[in-house]
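A.B. asks: Sequence:
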Amino acid sequence: MKSVSDEDQSWLKISHACIDGHNNDVYFNIATVGSCIYKCKHGAIGFTCRSIEYHIMAKVCILSEVYSNTAYDDFNVPCPHHDGWTYRQRYPLGHRLDLPNSCIKAKTIANFANVATKEDCWQYCLVKHKCKSLNYNKGSKACKLTGATYETGKLYAPCPVTGWEYVEKH
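Residue 117 in the UniProt record's numbering sits at position 117 of the sequence shown; the count goes up by one each step and never skips.
These are computed hints drawn from the structure, not numbers from a lab.
Mixed in with the good hints there might be a few duds.
Stated by the list, open to error - Computed Cβ-Cβ distance ranges for the label pairs, DEER-style:
hint, residue 1, residue 2, range
1, K130, N23, 36 to 46 Å
2, A116, K154, 23 to 33 Å
3, P78, E119, 19 to 29 Å
4, D73, F47, 35 to 45 Å
Said to hold, decoys possible - Straight-line distance between alpha carbons at most 30 Å, and here's what the computed DSSO-like set of lysine-lysine pairs gives:
hint, residue 1, residue 2
5, K118, K130
6, K128, K154
7, K107, K154
8, K118, K59
9, K105, K128
10, K41, K128
11, K138, K107
All residues carry an ideal CB built from backbone N, CA and C; glycine is no exception.
Generate the whole structure from the sequences, applying the supplied hints.
C.D. replies: Rendered as structure tokens:
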């Protein structure tokens, strides 16, 4: 895995998302989401800040050491009780990105039916030339591989069709 400097790292934005119960620090009267990101990069004390939640009307900034992969079960898209929040996380983090209730609209390079798990779908992506991401539906056991990423395709969070999960290679 290649190391990414803070200056080279971008931020994945997901409107109306949140991670429940993982607030490391909360700041009030933060004027912009950019100021909240600055707090995450330079103001976190005692932990490595990996994600933020920001409310533009309330001017509240929440810093967290967890992100979508490390708090997957607590990551909500849309956030059930936090209307008006926007979520951002450092991008990339780790060897892959996992987002529940999300999907990417992009040209499909391979389709697989009756794939038992998201991990099995991931294995197909790892060996498929040019696969950069996948959409997996647990209910229908459908696995769709794409050549797009969050930055090059159209990411839907939440996905307009229920049951889909998005995974991206890094």
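A.B. asks: Hint check: K138 vs K107, CA-CA at most 30 Å. Holds or violated?
C.D. replies: holds (21 Å)
A.B. asks: Lying within 35 to 45 Å: is that true of the beta-carbon distance D73 to F47?
C.D. replies: Given a distance of about 20 Å, which is not inside 35 to 45 Å, the answer is violated.
A.B. asks: Tell me if the beta carbons of K130 and N23 are separated by a distance inside 36 to 46 Å.
C.D. replies: About 39 Å separates the Cβ atoms of K130 and N23, which means 36 to 46 Å holds.
A.B. asks: Given a hint of 19 to 29 Å, does the C-beta separation of P78 and E119 actually sit inside it?
C.D. replies: holds (25 Å)
A.B. asks: Check the hint pairing K118 with K59 against an upper bound of 30 Å on the C-alpha distance.
C.D. replies: violated (37 Å)
A.B. asks: Checking one constraint from the list: CA of K128 to CA of K154, max 30 Å. Satisfied?
C.D. replies: Roughly 21 Å between the alpha carbons, so the hint for K128 and K154 holds.
A.B. asks: Taken at face value, is the distance from the CA of K128 to the CA of K41 at most 30 Å?
C.D. replies: At roughly 36 Å apart (the allowed maximum being 30 Å), K128 and K41 break the hint.
A.B. asks: Are K105 and K128 close enough, with their CA atoms no more than 30 Å apart?
C.D. replies: holds (19 Å)
A.B. asks: Can the restraint linking K118 and K130 be considered satisfied, given a maximum Cα separation of 30 Å?
C.D. replies: holds (19 Å)
A.B. asks: Against the range 23 to 33 Å, how does the distance between the Cβ atoms of A116 and K154 compare: consistent or not?
C.D. replies: This hint holds: roughly 28 Å between Cβ atoms.
A.B. asks: Holds or violated: K107 with K154, Cα cutoff 30 Å?
C.D. replies: Measuring from Cα to Cα gives roughly 10 Å; hence the hint holds.
Checked against the numbered hints given earlier, this structure breaks hints 4, 8, 10; the rest are met.
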